[in-house]
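Residue strings, one per chain:
There are 4 protein chains.
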Amino acid sequence: MANILIIYDSQTGNTEEMAKYVYEGVSRYPVNVRIKHVDDARAEDVLWCDGLAVGSPTNIGLASWKIKRFFDVELLDYWGDIEGKIGCAFSSSGGWGGGNEIACMSILTMLINYGFLVFGVTDYVGKRFTLHYGAVTAGKPETEEEREVCIRLGERLAQWTLALIDGKKEYLEVLKKQKEEK
Amino acid sequence: MANILIIYDSQTGNTEEMAKYVYEGVSRYPVNVRIKHVDDARAEDVLWCDGLAVGSPTNIGLASWKIKRFFDVELLDYWGDIEGKIGCAFSSSGGWGGGNEIACMSILTMLINYGFLVFGVTDYVGKRFTLHYGAVTAGKPETEEEREVCIRLGERLAQWTLALIDGKKEYLEVLKKQKEEK
Amino acid sequence: MANILIIYDSQTGNTEEMAKYVYEGVSRYPVNVRIKHVDDARAEDVLWCDGLAVGSPTNIGLASWKIKRFFDVELLDYWGDIEGKIGCAFSSSGGWGGGNEIACMSILTMLINYGFLVFGVTDYVGKRFTLHYGAVTAGKPETEEEREVCIRLGERLAQWTLALIDGKKEYLEVLKKQKEEK
Amino acid sequence: MANILIIYDSQTGNTEEMAKYVYEGVSRYPVNVRIKHVDDARAEDVLWCDGLAVGSPTNIGLASWKIKRFFDVELLDYWGDIEGKIGCAFSSSGGWGGGNEIACMSILTMLINYGFLVFGVTDYVGKRFTLHYGAVTAGKPETEEEREVCIRLGERLAQWTLALIDGKKEYLEVLKKQKEEK
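Residue numbers (this note's numbering), protein chains in the order written: chain C, 3 to 184; chain A, 3 to 184; chain D, 3 to 184; chain B, 3 to 184.
Simulated from the structure, these hints should not be mistaken for lab results. Only true hints are included.
It does not matter which identical chain is meant; a pair holds if it fits inside one copy or across any two.
For lysine to aspartate or glutamate, the following EDC-like pairs were computed, each having C-alpha atoms within a straight-line distance of at most 20 angstroms: (1) 179 <-> 85; (2) 181 <-> 83; (3) 22 <-> 144; (4) 38 <-> 76; (5) 38 <-> 19; (6) 179 <-> 83.
Construct the complete structure from the given sequences, taking the supplied hints into account.
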């Protein structure tokens, strides 16, 4: 079974809320899933996983310092040795135009640095809502579309991990069908 | 008098609509202002200006190829000779999460490359709407907040250009007062 | 057999030289490989491939306008329909500090936008030479290290494509052994 | 007199070495200058300054978690109230292609978020060495060119701060003359 990990930081609870919806999306698939606040996440969690979603509040345009410290310090001993996992990002900012996409890119940058293969999602999950570089919300995910971008991210992470790492190519068809329904 | 230039590309008319609101914001200040579609913009327009706002549809996550060509080809002879102007960005994407912030960053990157000093705006212009890396909209600027982010970008560009390039420090007070009203 | 495509733009011949070394790296593996100047590349080439390396001179900090136009125009009809390919980047700038890493990130951004899974390489190929976000050179790839970063990029692209898309997990061992030799 | 601040983090001493050369460049101009390791820097230092250079080792592709924490926590109370300062970046990575430019961009992103006007430098300071998005080195700044990119960054920061914030337009001529000598 493929192993999926969600690591998130949260100050106001908004990103934690997003993380729960990402978890919901992942859980629709036959995978093992762990969800950890960054304070509780350990290097071994990353070693365990095949696919990883990292979420952070948008803090000064980038992932929070705690998320940064996790990659700078906690995971450092394994740098260069954990290539080939699948990674993606999510972030909640104070408002639209507040940097949530750029914060997602900062997370993807860290994952690329660790040798992950990273992705965004082209799907629109409603009028004017998509997740091209990861799931983003302005504040708490309150609308159906904002919840759905998080769920979709989790689903896609499970699909790619199953199809590419676990070799279950039938999930490419599941993915394709989901996209056609949009 | 300070000279302000707005260059934009537009396919559906959405970014053109943004450009008009940026123009409206600039026009509230005692400056000369030009607005040009990228097809009509010339290197001399950039030489003329003290402050520049560049707008583009979010195309595949970055500024459009026409905006890119303008900086790659049309302006190239002046690379390295036009330092010290003030620059900013705006972009309209198909949806939230569709890359408009990242497209703004691609524009700021090009402006930094040409020696501009670039800025974003910390102001919130309404609940959940700001313009930290430039003005962004999802589709046409239809809500009051989406129009206001464009206007605010134009105002701030005029304020910085007047205060820093033209030496009219009183506009720092105008800026400060505007921020306190938020 | 897995299909690998290299698309590049080149003005001075420097990026073309890089492309040849990327090709050399890819060719060490049992894959089909095509190499195309962006002027000659067509949407069908991308449809054909399982793995793609895109190279560009660093122009004003980003990929060239011709590379941008390829993704904006030539490939646009297939946006949203070609998910799940593997992608990477390479770029040559006028000097160190001239933007080649940022140009690579602009290419990765476009590939992410099209639904690719993108990667960088953690390997050092010599003292002070690596390719964390894609292969980069300052000018023509003249030193052994600069040639080697290009070759390594091609090798890694072939390895990931074989292992993840083609399901030949034995190439994960090849990759691992190569990293241990560094 | 204009006030210039240099804040840096350093683990191996490489970025500290860069910071000293940035300091040397700033010191050639009639400004007050402070240099602080991030552990010792306080919000009041930033309030005091008119121009700021931030340096960091390239850690996992971005500024270090300590630099991030400084902007996330130490300076947070002043967010939105310190607009209009001049900012720039420098970073040392383990090798070329190791992310030093991207780390500079992460610093510029944080400065833009705080309302700074940020810049890079178009000058080449030697064959194949420039600092378009801030000063970068691979490891310790050992060659003359790597020292010179740091010095040039400090000089340019002093020049822009004197000319734009302090209103001493004669430094635009100093800058122009320096560029012509290149």
